[in-house]
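Chemist: Listed in order, the protein sequences are those of chains A and B.
Per numbering that gives the first Met the number 0, the very first residue in the first sequence carries number 0; after that it's consecutive.
Per numbering that gives the first Met the number 0, the very first residue in the second sequence carries number 0; after that it's consecutive.
In case anyone wonders, no lab produced these hints; they're calculated from the structure.
Think of the CB as a built atom: it goes at the ideal place given N, C-alpha and C, for glycine as much as any other residue.
Don't take each hint at face value.
Below, in silico cross-link-like pairs of lysine-lysine (DSSO-like), each with a Cα-Cα straight-line distance of 30 Å or less [to be verified]: (1) B:Lys195 - B:Lys255; (2) B:Lys1 - A:Lys128; (3) A:Lys128 - B:Lys8; (4) B:Lys1 - A:Lys139; (5) B:Lys39 - B:Lys8; (6) B:Lys234 - B:Lys77; (7) B:Lys195 - B:Lys162; (8) A:Lys127 - B:Lys8; (9) B:Lys140 - B:Lys80; (10) B:Lys8 - A:Lys139; (11) B:Lys80 - A:Lys127.
One side only, chain A facing chain B, incomplete, derived with CB under 7 Å [to be verified]: (12) Gly53; (13) Asn61; (14) Ile66; (15) Ser87; (16) Ala90; (17) Ser94.
FRET-style restraints, in silico, Cβ to Cβ [what the hints assert, rightly or not]: (18) B:Gly341 - A:Val22: 56 to 64 Å; (19) A:Asp26 - B:Met0: 41 to 49 Å; (20) A:Glu129 - B:Leu275: 27 to 35 Å; (21) A:Gly142 - B:Pro4: 22 to 30 Å; (22) A:Asn37 - B:Arg12: 42 to 50 Å; (23) A:Ser85 - B:Leu389: 47 to 55 Å; (24) B:Asp42 - A:Glu129: 49 to 57 Å; (25) A:Glu86 - B:Asp42: 44 to 52 Å; (26) B:Leu38 - A:Glu86: 41 to 49 Å; (27) B:Leu3 - A:Glu129: 15 to 23 Å.
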Amino acid sequence: MSAEAARQPAAGPIVDVRNVRKVYRRDAEEIVVLNGINVQVPNGEFLALMGPSGSGKTTLLNLIAGIDRPTSGEVIVAGTDVGRLSESELARWRSHNVGFIFQFYNLIPVLTALENVELPLLLTSLSKKERRERALTALKVVGLADRAGHYPRQLSGGQEQRVAIARAIVADPGVLVADEPTGDLDAKSAEEILALMESLNRDFGKTIIMVTHDPRAAEKAHTQKHLEKGVLKA
Amino acid sequence: MKFLPYILKHLRRNWVRTGSTILGMAVCIFLFCTLRTVLKAMDDARELGSVTRLVTRHAVSLVYNLPLSYEGQITQVKGVKRVAISSWFGGSLPAKKESQDKSAPDGGQPDFSKFFTNLAVEDEPYFAMHPEFSVPADEMKAFREDLRGCVIGRGLAKQFGWKVGDTFFLESFIPPYRRREGPFEFVVRGIYDADKVREPAADDRVMYFHYKYLYESTGRRVGAGLYVVELEDPKQGATVARAIDGIFENSEAETKSETEAAFRADFLAMIGNLALLLNSIGLAVIFTILLVTANTMSMAVRERRTEIAVLKTLGFTSRQVMGLILAEALTIGALGGGIGLGLSVVIMRVMTRVPAIGGFINGFPNFGPHWSVSGQGLGIALFLGLAAGLMPALAAYRSRITEMLRQV
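Only chain A is shown next, with the shape it has when bound in the complex:
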């Protein structure tokens, strides 16, 4: 299945999850993680996915980000049915359409903040100078341009997460997915990260889907949805 064939009309929600089921198998045992999930996320939405551990929040986030595939159903993001793309098509699609923010930042320790942010741009045809300029702009957006030459070990947790956010937005994707982005931060840093995400949503029009346990974080989102035992409650 080619990327062209998988592309569908862009009208409607930017994320459209249709009757998705995700089942893991362990020997003969079947573990149903998501069961008949339907969710539509309009463009420019800030959605918080909540629920207890093991409810399937991260699995749903991974399906939307195109790093996992549903057992059945369709996941259409930015007009593309991601479940129908090949591995390499999916990788290329991710690089253009989705920015991922991890709980533990996952910066590459041997690279400076600027180089970490520049990493997704290595997949583009931009020149080195253009890459550097865009990475620096992304760092400016998150307020860390002065820390461009610092390594992750020289940054605080909050700063590391901001660099990770800069890395997520540097390729200018339409959708940002965040898996408990404040889960490893103190209250003050968490507040700063949430404010930054609000700004990205409000000022840059990014659609944000955030998994969180934290009700205060969820309050920042426009919409909250709850998952329980693989089923969406509200």
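Following the hints, position chain B against chain A.
Modeler: Same frame as chain A, now just chain B:
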């Protein structure tokens, strides 16, 4: 190329591990290149050598001398132009007369660290059949007029700083060539130049002296180490060799006649199956380094599972991730190979100047770095890097993002 800084930064992540892996690879390539150079020099020594000359020696071993009466009989063989005695003296410096005194610093023993090849020859026929050695006429005349005289190669003269008129002493480690009155005294009467264009195997680090001096000084009891036979027609080599050996068949001292090249091969074979030994060492080292490097790469990749997952999440394809890991492994291979190769070149150059070893090495006509050996060395280094990185790269290729992130 845009990924190169990324690869180099990863190599610096654990510089002790990367450094030791590169060093291991370098030692491997150093050993390979050095051993292969020795083997190549031996092969070249077998191939080179004049086709106009045969060597007739004792059929049992080079250790045994041949009767002097053979010379006349060999000369009579059809197709033989000239015959010359050549005996390997085995003399060493600086066994001076006065060092017969056991209380002398050297204890009167030969110093083998200054060992060089010295041959007792019948000068007239020997130099006539070796036109690759050129000696000024006046020096040759002086040499022929002095029983203690010797002719040395330009390389040997340079090595010991000898010039015409200098005197030195040699004492052989071969018992029949030792005499009661002490070491042999020699006077440098001539210095020869070796024409390596005419004869690639020509060695300018040899000393030639009168066989007569050896013969008379040892009580006229020693035979001929070997006979060098010049052919009238190079194409008749095999026929003449058979004819010579046929004369002495079933005698007390049967002969073995062969070309100079074959003689060199036999001489080297006295060391044992050196090629097999050196090749075995080389293979064992290469295999060990392959395991060590593969283990290092596996560890390096295992530690970076999260990063691999992050790269894939950012949009790197599985092939690109695999390519990065292979490029990293190849870089280790290339660096190790380059260092090993450089080390080998340096060591080979240094070795030629080391006493004793240098003398032996310089006896090989083509000893030194060669592009084919260097190419093989670098090729093996890259292959080792690639082979070592292949399994971790394949594991990274097959890995699934969600599984790797879950294992954090």
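Chemist: State for each hint whether it applies.
Modeler: Taking the hints in turn, this is what the structure says about them:
1. B:Lys195 - B:Lys255: 27 Å, holds
2. B:Lys1 - A:Lys128: Holds, because 12 Å separates the two Cα atoms, which is no more than 30 Å.
3. A:Lys128 - B:Lys8: 19 Å, holds
4. B:Lys1 - A:Lys139: It holds: about 24 Å lies between the C-alpha atoms, which stays within 30 Å.
5. B:Lys39 - B:Lys8: Cα-Cα ~39 Å, so violated.
6. B:Lys234 - B:Lys77: Given that 30 Å is the threshold and the Cα spacing comes to 13 Å, the pair holds.
7. B:Lys195 - B:Lys162: Holds: Lys195 (chain B) and Lys162 (chain B) sit about 22 Å apart, inside 30 Å.
8. A:Lys127 - B:Lys8: Holds, at about 17 Å.
9. B:Lys140 - B:Lys80: Holds - the C-alpha atoms of Lys80 (chain B) and Lys140 (chain B) are around 23 Å apart, at most 30 Å.
10. B:Lys8 - A:Lys139: Holds. Lys8 (chain B) to Lys139 (chain A) sits at ~24 Å (cutoff 30 Å).
11. B:Lys80 - A:Lys127: Roughly 77 Å separates the two Cα atoms, so the pair is violated.
12. Gly53: Result: violated, 12 Å to nearest chain B Cβ.
13. Asn61: 6 Å, holds
14. Ile66: Nearest chain B Cβ about 4 Å off; hint holds.
15. Ser87: 5 Å, holds
16. Ala90: 4 Å, holds
17. Ser94: 2 Å, holds
18. B:Gly341 - A:Val22: 56 to 64 Å: 58 Å, holds
19. A:Asp26 - B:Met0: 41 to 49 Å: 47 Å, holds
20. A:Glu129 - B:Leu275: 27 to 35 Å: 59 Å, violated
21. A:Gly142 - B:Pro4: 22 to 30 Å: Given a distance of about 26 Å, which is inside 22 to 30 Å, the answer is holds.
22. A:Asn37 - B:Arg12: 42 to 50 Å: 45 Å, holds
23. A:Ser85 - B:Leu389: 47 to 55 Å: Given range 47 to 55 Å: violated, Cβ gap about 23 Å.
24. B:Asp42 - A:Glu129: 49 to 57 Å: Holds, since Asp42 (chain B) and Glu129 (chain A) (Cβ atoms, about 56 Å apart) stay within the stated range.
25. A:Glu86 - B:Asp42: 44 to 52 Å: 51 Å, holds
26. B:Leu38 - A:Glu86: 41 to 49 Å: About 48 Å separates the Cβ atoms of Leu38 (chain B) and Glu86 (chain A), which means 41 to 49 Å holds.
27. B:Leu3 - A:Glu129: 15 to 23 Å: 18 Å, holds
Hints 5, 11, 12, 20 and 23 from the list above are not met by this structure, while the remaining hints are.
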